[in-house]
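Asks: In case you want the letters, here they are:
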Amino acid sequence: MESNIKMRTENLDFFYRNFQALHHISIEFVQNRVTALIGPSGCGKSTYLRCLNRMNDLIPGITVKGKALLDNQDIYDPSIDVVTLRRRVGMVFQKPNPFPKSIFENIAYGLKVNGVKDKAKITQIVEKSLKQAAIWDEVKYRINESALGLSGGQQQRLCIARALAVDPEVLLMDEPASALDPIATQKIEELIGKLSSKLTIIIVTHNMQQAARVSDRTAFFYMGKLVEINDTDTLFTKPGLKQTEDYITGRFG
Amino acid sequence: MKRQIIDKGVHSTFLLIALFSIAALSLIMVFLFIEGIPIFDQITIKEFVFGQYWYPTDDPTAFGILALILGSVYVTILSGMMAIPLGIMTAVYLAEIAPPKVAEIVKPIVELMASIPSVVIGFFGMVIVAPFIQKLFNIPVGLNMFNASLMLAFMAVPTICSISEDAIFSVPVAVKEASFALGATHFETIAKVIIPASLSGICTAIILGLSRAIGETMVVLMAAGGAAMIPGSFFDPVRPLPASIAAEMAEAPFRSEHYHALFAIGIVLFLFTLIFNLFADYLSHKFRQVGEASL
Ligand SMILES: Nc1ncnc2c1ncn2[C@@H]1O[C@H](COP(=O)(O)OP(=O)(O)OP(=O)(O)O)[C@@H](O)[C@H]1O
Ligand SMILES: [Mg+2]
Numbered sequence: 043m044e045s046n047i048k049m050r051t052e053n054l055d056f057f058y059r060n061f062q063a064l065h066h067i068s069i070e071f072v073q074n075r076v077t078a079l080i081g082p083s084g085c086g087k088s089t090y091l092r093c094l095n096r097m098n099d100l101i102p103g104i105t106v107k108g109k110a111l112l113d114n115q116d117i118y119d120p121s122i123d124v125v126t127l128r129r130r131v132g133m134v135f136q137k138p139n140p141f142p143k144s145i146f147e148n149i150a151y152g153l154k155v156n157g158v159k160d161k162a163k164i165t166q167i168v169e170k171s172l173k174q175a176a177i178w179d180e181v182k183y184r185i186n187e188s189a190l191g192l193s194g195g196q197q198q199r200l201c202i203a204r205a206l207a208v209d210p211e212v213l214l215m216d217e218p219a220s221a222l223d224p225i226a227t228q229k230i231e232e233l234i235g236k237l238s239s240k241l242t243i244i245i246v247t248h249n250m251q252q253a254a255r256v257s258d259r260t261a262f263f264y265m266g267k268l269v270e271i272n273d274t275d276t277l278f279t280k281p282g283l284k285q286t287e288d289y290i291t292g293r294f295g
Numbered sequence: 510m511k512r513q514i515i516d517k518g519v520h521s522t523f524l525l526i527a528l529f530s531i532a533a534l535s536l537i538m539v540f541l542f543i544e545g546i547p548i549f550d551q552i553t554i555k556e557f558v559f560g561q562y563w564y565p566t567d568d569p570t571a572f573g574i575l576a577l578i579l580g581s582v583y584v585t586i587l588s589g590m591m592a593i594p595l596g597i598m599t600a601v602y603l604a605e606i607a608p609p610k611v612a613e614i615v616k617p618i619v620e621l622m623a624s625i626p627s628v629v630i631g632f633f634g635m636v637i638v639a640p641f642i643q644k645l646f647n648i649p650v651g652l653n654m655f656n657a658s659l660m661l662a663f664m665a666v667p668t669i670c671s672i673s674e675d676a677i678f679s680v681p682v683a684v685k686e687a688s689f690a691l692g693a694t695h696f697e698t699i700a701k702v703i704i705p706a707s708l709s710g711i712c713t714a715i716i717l718g719l720s721r722a723i724g725e726t727m728v729v730l731m732a733a734g735g736a737a738m739i740p741g742s743f744f745d746p747v748r749p750l751p752a753s754i755a756a757e758m759a760e761a762p763f764r765s766e767h768y769h770a771l772f773a774i775g776i777v778l779f780l781f782t783l784i785f786n787l788f789a790d791y792l793s794h795k796f797r798q799v800g801e802a803s804l
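These protein sequences, in sequence, are chains L and S. Okay, so the first sequence: first residue is 43 according to our numbering, each after it adds one. Okay, so the second sequence: first residue is 510 according to our numbering, each after it adds one.
If you're looking for bench data, these hints aren't it; they were derived computationally from the structure. Where hints are given, some of them may not hold.
What the hints assert, rightly or not - With a straight-line cut-off of 20 Å between C-alpha atoms, the simulated SDA-like cross-links for lysine to any residue are:
1. K610(S) to R59(L)
2. K159(L) to K610(S)
3. K701(S) to V158(L)
4. K154(L) to I699(S)
5. K701(S) to E187(L)
6. K795(S) to K159(L)
7. K610(S) to A254(L)
8. K701(S) to E70(L)
9. K240(L) to E70(L)
10. K159(L) to T694(S)
11. K161(L) to K701(S)
12. K154(L) to T694(S)
13. K701(S) to V106(L)
14. K701(S) to K240(L)
15. K795(S) to K154(L)
16. K701(S) to R59(L)
To be verified - Partial pick of chain L residues on the chain S-facing surface, computed with a CB cut under 7 Å:
17. R129
18. N139
19. F146
20. A226
Being a predicted model, the structure only gives us computed values, none of them experimental. Each residue gets a CB set at the ideal place from its N, CA and C atoms; glycine is no exception.
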């Protein structure tokens, strides 16, 4: 069982200067499973997600306590190479953030910085990633145009494709469908289903149905604390705590 | 009703003021051309621009300004070669690498450098730098193209640096994060994302910095050596266009050939900066990022 744990945190505390945004979060993420993080706005879901690829390191004045492990290795250990870590743990951000480059270059960038030089291979991976993210048909005829000309939802799918291109082992998705229409959302959900056979996915979502549809396990966060985590089916049908039940049924207040 | 009238009044006032400044500028232009064009009764434009000899007071006179043009071009290019890398690298350091506390102190200092009067920089070039490079490179004169370029670079760096820094600083954090999240190093992020994303602003910075160098008179008058000959090396004295005008205008008799020739130099200098600015504008538009979709 232990070997199935791809990533986990143990008593993770997180501070923005003096403000403690996360309190003792311990979660295990099983390999090739989808875990959903739910909870009201401001409860620390993004902060937690960003701890897992050390994206928060870029913010001045932060402190991390406790442990976060990838394949049983502490990712906050000084000997860890953050660059490699971030390649292994990919991320789709809450707001789409394409590079001000062409659509092609947006996807190819990650490959290039990771040392892929073969042009044919890059082209092939770009196409494959765009197809996976359900955006290929919309952009194939304008692949060399600026990505900034895409709509918000298209940009979000582009960012998903970009993250997939470098072939991460874990994929962190922060509300990847918040800017998408129902059709694109469905495609992304299908994609998550397909991807989960190959990688470990952690997804933040405000959409309860979505969490129920795509995830194997669900964690409910409230005010920087992990309230409850369980198999998705169990959590949604028989929540262990009143607080969880109120949130998932929309009676939260 | 009353508000509409006031609004109209405001509109016309602004229009009037705008027209006034445009008219004043056009008058200067017209004057420049009226005073400059008569020289072309004596010589052709080609002789003027490509003539190698500038002997405005000899007999017979020679009004070829090729040496002056090349003096300006070389000095600008050389100072650009010094100021552009220096200015941009300082900007990258300040915006991306320096700890915030260091940047907070250094940035105002760099900006303060921009306000040093050019005569002080020229003086510095004459009195300190000239003897120094004379000894260092073992050359006969310290007032030369290299010295003038160095001083002009000195003037351009603060402009290039502070405007580039603003451009680099305004690259959204989210875009930087996207790069890091894909496993790019800080250096790769700077070179492949941040600088390309701020290229439009960096171009503007270079233009503003160098256009100051092109038109700058005092520094080249004091530090360039003033010889109206086509330079053969970095260490030859030169006489850029503005220096010629400033040095000779007082001696040129009113409406003489020499006088008209100096105004014609002014026209050339004007065209020079105009082309430079148009090119710059083109570049900064070319690299401008447009059409950001919002959610
Ligand atoms: N850079 C920051 N500096 C200081 N405080 C921050 C910073 N980013 C987030 N916070 C605070 O940390 C807490 C958790 O924020 P976080 O972004 O993780 O919430 P979230 O659960 O992702 O919310 P949402 O669902 O709205 O995205 C909030 O109280 C927020 O104000
Ligand atoms: Mg969030």
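Asks: Against which earlier hints does the structure fall short, listed by number upward?
Replies: 2, 6, 7, 8, 13, 14, 15, 16, 19 and 20
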